[in-house]
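S.K.: Listed below, chain by chain, are the residues.
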Amino acid sequence: MELFFFQLLNGLGLGVIYFLLSVGLTITFGLLNFVNFAHGAFYMVGAYVTFVIVSLTGNFWLALLIAPLVIGTLAIALEQSVVKFSYVLEHKYQILVTLGVALMLQELVIMIWGPIGKNVSPPSSLAGIIEIGDFIYPKYRAFVIAFSALIAIVVWWGLEKTKFGALVRAGSENAQMVGLLGVNITRLFSITFGLGGLLAGLAGVLAAPLRGADPFMGVEALGIAFIVVVIGGMGSFLGALVGGLVVGVMQSVMSSVWPEGASLMVYAAMAAVILSRPRGLFGRA
Amino acid sequence: MLELNSVNSFYGKSHILFDVNCTLKRGEVLAILGRNGAGKSTLLKSIMGLVDVRDGSIHFEGNELTNTTSHRIAHQGLCFVPENRDIFEILSVEENLYISHNPASNWSINDIYSLFPRLKERRKNGGGNLSGGEQQMLAIARALVNDPKMLILDEPTEGLAPVIVEEIEKIISNVRSTGIPILLVEQNISVCRKVADKFIVLEQGQVVLEGSNQDLSDQTEKIEHYLAV
Amino acid sequence: MSILTTNRLTKSYGEFKAVTDVNLDVQPNTLHAVIGPNGAGKTTLFHCLTGVQRLTSGRILFDNKEISKLGPEKRSSLGMSRSFQVTSLFLEMTVRENLQIAALGVSSIDGFRFWSSSASTVKKTAAAVDYALETTGFENRAETIAGDLSHGQQRMLEVGMALAQQPKLILLDEPTSGMGVDDIPMISDLVRRLTKDITVLLIEHNMGIVLEISDKITVMQLGQILVEGTPNQIKNDQRVREAYLGGETEDA
Amino acid sequence: MSLELKHCPILIAIALAAFLVLPSISLATEVLIFAIIALGCSILLGYAGLLSFGQAIFFGLGAYVASLSQIHLGVNFLVGLLIATAAGATVAALVGALAIRRQGIYFVMLTLAFTQLAFFVSYTLDEWTGGDNGLLDVPRNSVDIFGFEIAIDSSEKFYAFVAISFVLIFLGMIRITHSQFGRTLLAIKQNEERATALGYSVKWYKVLAFIFSGSITAYAGGMYALFLNFAPLSNVELIMSEHILIMAIIGGTGNVYGAVLGSLFLVVVGDMLSAFWERWLFLLGGILILTVFYMRGGLISGLYGVFEFLSQKFGSASTQKES
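Protein chains in written order, with our numbering: chain A, 1 to 285; chain B, 1001 to 1229; chain C, 2001 to 2252; chain D, 3001 to 3323.
Derived from the structure by calculation, the hints contain no laboratory data.
Keep in mind that this is a model prediction, so the values were computed, not measured.
Be a bit skeptical, because a hint or two may be false.
Said to hold, decoys possible - Computed far set for chain B versus chain C, every beta-carbon distance over 10 Å:
| # | residue |
| --- | --- |
| 1 | Asn1036 |
| 2 | Ser1057 |
| 3 | Gln1076 |
Said to hold, decoys possible - Listed below are the simulated EDC-like cross-link pairs for lysine to aspartate or glutamate, each with C-alpha atoms no more than 16 Å apart in a straight line:
| # | chain 1 | residue 1 | chain 2 | residue 2 |
| --- | --- | --- | --- | --- |
| 4 | D | Lys3189 | A | Glu107 |
| 5 | B | Lys1198 | B | Glu1028 |
| 6 | A | Lys161 | B | Glu1094 |
For every residue, glycine included, the Cβ atom is placed at its ideal position computed from N, Cα and C.
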């Protein structure tokens, strides 16, 4: 029972990271009707930037502050230089372009840091465990859950309560009409793309102390993000949250029951959802 | 204020508008009449930068609008109310107004609520839950809070009950009295008679008739010939 | 003996009824037009007839067979072809190839022939393709790429593709939409000629054409049939006038 | 028939040239095998317009089935490859029939999910597939016809076999792409709605395209395993699907010879570059982007462009008269 609870909490921790990873993907899809195969790469580069900052300064908090900004800037730079020219193309060409971007980023990372993964240690203040009665849990994992929950609230607030968020939601319904109200749609696109990248980078920062940084974590993350987005429903904030938690918990609990089958299950779930309910749990028709 | 000089517009390969000219002065309402497919909506979209204008020019208050992006055109104060209203259905009524609101506008969101009490009642409702008439009011209201220097309405009375049509006629006159010119696409001649100062008739993308408000009554038969039977 | 009848055809989207209880009756070798102002439900009716959309209730009989539940591809095999309102061609293929693909669509097997060169399959369609080329006046442009045709010509080819299927009934969705003034007589002549061999159901905005060439006209408004009759009856019907121009036209 | 006669010498020339020009026979073998695989991808993408991340499923499946048939059934290598092809066709029909139920991005996602499923199934069934280690020591059982034994025990003999397969498969695919079926696929790709309205059951055309694509990919996958004597797990990875796609696109998907160019480019340039620059995939990502933006038809269209330019420049007298 205790193990189960432990796995459940782990799943929650995994789930909130998955949420951060996926929310940008789902919102860019909703707003731009654009599928970004390079999204996983933002997560990977986020982990590497964390590795660099932590090994240079020894300060994880600095990485938590700076790395997401770096990734957000990187995302905007990519959007401006490559991605935005593919908006007018068919979906399949957008996929190929971003696939090329992802491949380049991955190879670039290997060129700089080599193909072997790097370890990142959690901040010393979060080393060790918390004890609640008999139950013990790593401090860092607890922090990840709490911090990500906070970010989730901030993202929700930003989307629901600010003018920018309302514009993003309006734009995902009818971008042309938003332009007719005098809003510069291309700028709205790139800012949203950048913020999505920033959140994926943040997920990479949080994941780095848990699983290290390696060049192939981007591809893996992209697969996960797709599952989350498909299960939750493309374009939906709530979908990314619920989908992330469902996938995280499912993976974590399964891995103690049938380790090999954990990934099998989530991909089977993804296929089943697309076939039976293509709009996902919360996607708009 | 608005001046169209032999405008030729295209949808992809198809040439839709042929040498269309018209002008609109401060405080005027210009009605554009014509059958379905005559190019009325294309004319409005050409002004708003949504359609490819390959020849001719469009000026507003001396600034060239031809083939600029729509948001720049909107920034000049041209506020467009599209035919299918394009209310943001996932946003509430209030959010629909809020994202469009420009502090410089003569209409604050509260002014809108006193102008359209119905919208105030429904301000927390989703845009998708409004009736056709309410959507039309919201679409016009959304344009008004955006600080319009000119209003462009595409068939605002289409499919609406007579009571609501009357209300929309009132709003149009109201806006006109503040000096804001209005470009109005309308198939209902009786509405045009009440609100328009002048009109043009489009047929197959060309201006085939133009005249004053008086002509709308005097030349009814001629106009009807172009519009329907 | 009608070729196409609908019995209380109804299509609703949620609570909104786009088409209500429409009874249509199309006689063979006639040109039957459906007109009506925006939002009258013409396009929805058309989609129901072609099978693009499922009816909510009611029945459609074509050539004495119930077809209400058949998909679009089945209907075309039964002898019911359509044109599209927005030009819908195979733009990278030649005029002839477009017609060949259309002609082969009605047989369920020929398109699957992967074991022999297309030349042998294409022979079978020669008669149908020639008929379509001739009727639409494309004999000299058969090898032109469809994407290079002018808009008016593309609209003609649009009708030609339906013809190449040698249908019993042809459904035309606004064949003149977006056409220049000069090209319109070309289409209306063509449509008029067609009724010699087949039946035409025409959905059209352009009243002038409809009044000129139709045998029978159905006027729709708000999803229902408003009036039905010959062009002369329609021309003089006060209700039609009101439907198009709004109220208060009694002084006309 | 004339069609095949026309292409036959070109294909034989390609197979011979690969053997004579390329620095090693194993490189030549690999080029021809991957040309078949890229062709399998082109059938889907270039003719049916389907961007699928599922090619690794058929590739890996072919490799496993061919290998297992050699190890456990002891059948000769030809029968083994035929079983692999049949398995590829069956699974492709299944994957295709499910995937085409969704369109656009959801179709792509489905094929991606199926590849991942295939990967984890292969990983889990390690008793059969060798899991992470792959299937090792795959033999090539010789064919025994009336006591007359044909063994492909040298790399030259294996190359000859691959070359014959290459020529036959390409001839078959040329026939298919020039058949009414091929033209119908192109029509569906250009305008699916119209094709449906004309009476075509679009989904069956797509499924058939999947079957052709899956069976030749599985055949090639089988050959690849016999070539390496090894069927690694990486055959069914998503990255394999990506590489196959990139190969097909860079070569050009609208023409069967694009597949040869794509394979040549990826295998040979990859072999040359990786010797002194291991991260040459970086370049590949860039080339993919440039291809999508500037040369949608791939290298083959570039090549045609060069030919056209040359013939206009040097053969101008004859061509100008015609126009």
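S.K.: If a hint holds in the structure, say so; if it does not, say that too.
M.R.: Hint check results:
1. With a minimum CB-CB distance of about 4 Å to chain C, B/Asn1036 fails to clear the 10 Å threshold, and the non-interface call is violated.
2. Distance check on B/Ser1057: its Cβ is at least 23 Å (rounded) from any Cβ of chain C, clearing the 10 Å threshold; non-interface status holds.
3. No Cβ of chain C approaches the Cβ of B/Gln1076 within 10 Å, the least distance being about 30 Å, so the stated non-interface status holds.
4. Between the alpha carbons of D/Lys3189 and A/Glu107 the distance comes to roughly 34 Å, so the proposed pair goes past 16 Å and is violated.
5. Between B/Lys1198 and B/Glu1028 the alpha-carbon distance is near 8 Å, which keeps this suggested pair within the 16 Å criterion.
6. Straight-line distance between C-alpha atoms of A/Lys161 and B/Glu1094 comes to about 12 Å, which keeps the hinted pair within the 16 Å bound.
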